[in-house]
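Undergrad: Protein chains in written order, with the working numbering: chain A, 1 to 314; chain B, 1 to 233.
Calculated directly from the structure, the hints in this document are not laboratory data. It cannot be assumed that every hint is accurate.
[Claimed, not checked] Facing chain B, according to a computed beta carbon distance under 8 Å, are these residues of chain A, among others:
| id | residue |
| --- | --- |
| 1 | Pro-101 |
| 2 | Ile-222 |
| 3 | Phe-274 |
Note that the Cβ used here is the ideal one computed from N, Cα and C, for glycine as well.
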Amino acid sequence: MIGLPVLYVLAGALFTVFAIGSATDATHPKRWGNTLFWGLFAGSFLAGSWLPDTVNGLLLVAMALVAGLNLVGKGQSEPQSDRAERAERWGNSLFIPALIPPAVTLAGTFLLKGVEIGGQPLVDPKQVTLVSLGAGIVLATAAALAMFRASPATAVREGQRLMDSVGWAGLLPQALAALGAVFAAAKVGDVIGTLAGDYLPLNGPLMAVCAYTIGMALFTAIMGNAFAAFPVMTAAIALPLIVGQYGGDPTIVCAIGMLSGFCGTLTTPMAANFNIVPAALLELPDRNGVIRAQLPTALLLLIANTVLMYVLAF
Amino acid sequence: MWVLLGVLAVVVGFAARLNPLLVVVIAALVTGLAALIAPGLTPAAAWGGLIDTLAVLGKAFKDNRYISITWLILPLIGLLEREGLQERARMLIQRLRSATTGRLLLIYLVIRQGTAALGLTSLGGHPQMVRPLIAPMAEAAAEAQDPNLSDASRNRVKAMAAATDNIGLFFGEDIFIAIASILLIKGFLETNGIIVTPFALSVWAIPTAIAALLIHGTRLLLLDRSLRREAAR
């Protein structure tokens with residue numbers, strides 16, 4: 001059965017090659033920091049499933065220290081001057097390899113689900129999308145290598161150039177998910193939910209709706225994830241008050257409540273894969289540039305959600 | 001109550017612009033220690049709590065490795081960029097005389113929302129779509145509007161491209177009945193004795209989706225206007 005372990009070996013191999021590439025680049029200003037950082041990441045992918053939990057935790061701590069001491073970063077790559085000519089030569093066929101991963105992900109998600117070999121599912125049913133994505137990436141990379149007559153070493157070098165420009169931000173989404181688990185174990189959400197229920201002014205349906213939508217957005221901004229905020233805020237405010245006391249429709253209240261949380265996601269560095277990673281990928285000088293661009297939409301939409309819930313739910 | 005110190009650590013750390021990875025790890029350890037605060041806490045118990053926290057953090061870190069699988073795409077994107085993918089995307093836009101940054105991003109917003117509503121969330125994304133295609137296209141359109149585009153405006157256009165991908169995804173995906181957030185709501189309400197269908201939940205995501213399209217769409221067209229004003233100056 002093909003599942004996540006296969007993808008972890010692939011990722012582990014890629015990060016191992018990135019670490020080796022960093023170590024052998026004598027001109028790189030962050031040569032050994034990058035080597036250590038990507039090497040530890042490779043170790044987590046390759047050995048994480050067999051290591052004790054505390055050792056996995058220490059791996060994360062070590063990577064955070066390397067990043068925190070400012071030892072991870074990009075080098076000075078020479079600007080490449082012939083890209084426009086190359087683009088002219090390939091024409092629109094350049095887009096084909098770029099579209100293979102989404103196409104294969106889609107097709108795989110629908111087609112691979114029921115496939116069995118000898119009574120065993122070919123692909124782990126819970127991970128069909130991720131496995132399809134991995135397969136799409138591998139296929140597209142192979143197709144691109146053949147099309148451009150490039151060597152795998154070139155692909156790895158170009159990949160490393162991008163990975164270096166993302167740097168430590170590439171680990172942040174996974175690290176934040178781990179922090180979310182610690183928050184959950186320490187019942188941080190319950191404490192905030194109780195505080196919200198005890199101290200917010202909740203007289204009347206309008207106040208309750210405002211407290212719920214704004215609370216969802218704020219709590220999501222703290223946790224970086226609306227899924228963590230939803231059960232807590234809904235149990236603290238929406239079910240007892242909006243639904244229970246004032247008779248709001250639970251379907252509408254919950255649907256719009258979740259979407260109010262999404263407004264919070266747009267405003268927070270804690271939602272790193274949506275907000276911090278793209279700023280790094282696009283090489284924006286301001287780490288919070290994407291958040292700044294989203295802020296007006298997020299605030300206006302939060303107001304819209306509050307109005308919609310108040311008008312539609314009662 | 002003391003566990004809120006962990007949240008405080010996050011807020012202070014981000015505000016002080018410390019390295020976010022370091023902030024995350026510190027916040028996790030602070031939360032774990034703060035959960036133990038009670039009269040009679042011994043140093044040995046605190047040390048044990050620290051080790052336990054490290055284990056919870058490490059287990060979750062290991063279990064969430066799938067999040068970082070997306071980086072497997074980087075060699076492909078790098079290879080395509082080397083052959084001029086970004087330049088090709090720019091050329092495509094330069095041929096369209098009527099293309100402006102705002103209109104282009106508005107079309108992308110509609111497509112992203114529409115496909116996400118059909119459950120096709122993997123059709124967009126920052127490494128595979130925004131960096132190689134959408135951002136260069138938006139930049140090229142802005143350059144067509146203003147040949148002397150300032151760096152600040154260029155970065156604003158790029159940030160808006162990323163923002164548009166997020167907004168299209170967030171306020172489209174909830175219209176699809178089998179998306180994780182819909183299933184979470186359904187499951188949560190079920191445990192509280194309220195039975196709802198995913199279809200009803202997804203229908204009530206539509207008003208917000210329309211509001212998102214109107215609000216962000218207007219902002220995109222206003223971006224065009226501010227780019228034009230800057231070009232005229």
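Undergrad: Each hint: holds or not?
TA: Evaluation of the provided hints:
1. Pro-101: Holds. Min distance 6 Å.
2. Ile-222: 6 Å, holds
3. Phe-274: Holds: closest Cβ of chain B sits about 5 Å from Phe-274 of chain A, inside 8 Å.
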